[in-house]
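Given chain E's structure and the hints, the job is docking chain D onto it.
Here the protein sequences come in this chain order: E and D.
268 is the number that our numbering gives to position 268 of the first sequence; each next residue is one higher, with no gaps.
326 is the number that our numbering gives to position 326 of the second sequence; each next residue is one higher, with no gaps.
Among the clues, some could well be false.
In silico DSBU-like pairs for lysine-lysine, Cα to Cα no more than 35 Å straight-line [said to hold, decoys possible]:
no.: 1; chain 1: D; residue 1: Lys-223; chain 2: E; residue 2: Lys-30
no.: 2; chain 1: D; residue 1: Lys-203; chain 2: E; residue 2: Lys-79
no.: 3; chain 1: D; residue 1: Lys-203; chain 2: E; residue 2: Lys-30
no.: 4; chain 1: E; residue 1: Lys-30; chain 2: D; residue 2: Lys-29
no.: 5; chain 1: E; residue 1: Lys-183; chain 2: D; residue 2: Lys-332
no.: 6; chain 1: E; residue 1: Lys-243; chain 2: E; residue 2: Lys-270
No lab work stands behind these hints: they were computed from the structure.
Quick caveat: nothing in here was measured; it's all calculated off a predicted structure.
So the chains spell out like this:
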Amino acid sequence: MSYFGPGHGACPGCGFPIAVKSVLEALEGKAFIVNPTGCLEIVSSMYGRNVWGVPYIHSLFENAAAVAAGIEAALRVLKRKHEGHVVVFAGDGATADIGFGMVSGAFDRDHDILYICYDNEAYQNTGNQQSGLTPPGARTTTTPVGKRQPGKIGKEKDMVSIAVAHGIPYVASASVGYPNDLKRKVKRAVEFEGAKYIHVHSPCVPGWGIDSKQTVEVARLAVETGLYPLVEFEHGKLVRVMKIKEKKPVEEYLKAQRRFRHLFKHPEGKKIIEELQRIADENIKKYNLLQQ
Amino acid sequence: MQERLQDESYKSGKRVLLNGNQAVAEAVKIAEPDVIAAYPITPQTPVVEKLAEFVAEGVLNSEFVNVESEYSALSVVYGAALTGARVFTATSSHGLAYMYEMCWWVAGSRVPLVMALPTRSIGAPWNIHSDHSDVMILKDVGWIISMAENAQECFDLTLIGFPISEELNIPYSVSYDAFMVSHTAEVVEVRDVELPKRKQAYKILPNSEFALNAVTVNDARHKARKTLMKDLENSRRKIEKIGRCFLGEDFSLAEKYRVEDADYVIVTYGGWSGDFKDVVDEMRDEGVKIGLLKLRFLRPLPEEELKEISGDVLVVDRSALYKFGGMGGEIKRIIPEAKNVIAALGGYEIGYSEIKALVRRFVSGKIGEVEWYP
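Here chain E stands alone, though its shape is the one from the complex (with noise of 0.2 Å):
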């Protein structure tokens, strides 16, 4: 049997089984997967019809890093811990919203964990609801557009600066749009023995509106506007960044997706593009993220 799959029930052109598959195979296998409830959890595990070829466990919505610390905490003392890496595998909501606190909680105990975060950047589980980190302008189901509301309004958690706050020996963030950059980043986090974080950027067909063999030119565009910057931190020092060989401006990245449609013509719509075009310009230069 593969690691993943085949059989789950994943949306055609899903963007985390590519993140899930890469992730198992840089790690061969040696791995206990905790997995909280959402999109992977459903699609993947239905009574019978499991498709994990390696341990997995259902935690709950908000609870996947404390459970994944209490196993990694066993095996420490049952001295089984060369058994296997300790992996979770979330959503964005069960990172950055209900989860928040126990992912905080066990990145500062600095538990020898791997903590990948699929950021499909709503509640895609139950049907497109807004989450933290959900971008700005984004059509979600609770942050419809209308006459007075052009989407979502407010901001996006960083969760990789937040991760880096922590202290923990490596926080990455990649994109299901660069499997083999992904897999690196995975083989360099067990390196590391602490609590290591990788932000995974993964494009969902149906939420954002995009077509089913769109997923990676979209992840790609998203990485290459400066957008969603793929950067790689260790012990808190900035040490790799993916550069952007040509910029593309954002608009070209909102109209690929239907939840942004809305903002070439709503009247808020313009206020929020130069809005994104301004964070995804401080990306570029805070990291600096150009080719020279």
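Relative to the frame of chain E, chain D by itself:
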């Protein structure tokens, strides 16, 4: 009362002055869990402080995880238990309410673990004192629930909790009244025993296609809940067998105190059972045929003992569910004529004389189907 204390024989171990919380910690030390995780809450805090001290001094070889919430505490010990580790946690009141989702999850996962629960009121209004509101929200989740009367029972019921939980694959709680038991020092026999090694139904192993808590459809969830509830209902013999092995032949799920020929029986549980026994003694001296049945376990419910008692029955509860006290309503299922009193919530103290007055009102037939006291 003096006579009763002297009746208790101490044959092994050492006798030391401990409060309920310390007695729990001493028993946990013997069980030597691999992983302990807890978050402080009054009145539970001294249990975990004591355990942290044991670990710091090197007399207890456990991994002590200082978590950031009660929810995390139960999640950490759950994760640890899945690997085959022996685990312990403790909480109280709002802490239990906060971890409530996990209480169901560990029960449904059939994971053995032991949790101490000094019972405290649940707000609002804010109150840190004793009643049984918290244990009542755990009562129907699918846990084994013991209820200690005093520091000795805190020790005993914690000690046997580990092998019982591990035999039945059902989580186990040892509950005891806040302050009245948790913080009151008594002489405790710290038994010199060794517990069997941990066992459990399953554990996670590397390179296995083991998936836990899948999405269930059709009858899978129905079957899982049915199996858990039936196993809990039928757990009595196994609990008694283990209890007798470690605590002596007279161990049982309920203590019968002068009930044999009784015309009146009071059903109690928890710390004030001792006060009620004293009232029973005093009234027996006056010629009233009265006895007491103390529930040492709320789950499984000691139905055999309840069915055996004769005469008028009064159930005294320290919690209020809809219309009845925590156990009063369900004991009426077994004894339809039983009366029920809801007394002393939120640490409101009723002393010996008030308890005596309450029992006298019961004996004189003046208590209705259910009454609040005060």
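Status of the hints after comparison with the structure:
A distance of roughly 33 Å separates the Cα atoms of Lys-223 (chain D) and Lys-30 (chain E); the hinted pair therefore holds under the 35 Å criterion. A distance of roughly 15 Å separates the Cα atoms of Lys-203 (chain D) and Lys-79 (chain E); the hinted pair therefore holds under the 35 Å criterion. At most 35 Å may separate the alpha-carbon atoms for a hinted pair to count; Lys-203 (chain D) and Lys-30 (chain E) meet this at roughly 17 Å. Simply put, Lys-30 (chain E) and Lys-29 (chain D) have alpha-carbon atoms about 34 Å apart, close enough for the 35 Å limit, and the pair holds.
Between the alpha carbons of Lys-183 (chain E) and Lys-332 (chain D) the distance comes to roughly 63 Å, so the proposed pair goes past 35 Å and is violated. At roughly 28 Å between alpha-carbon atoms, Lys-243 (chain E) and Lys-270 (chain E) fall within 35 Å of each other, so this suggested pair holds.
When each numbered hint is compared with the structure, a violation occurs for hint 5 only.
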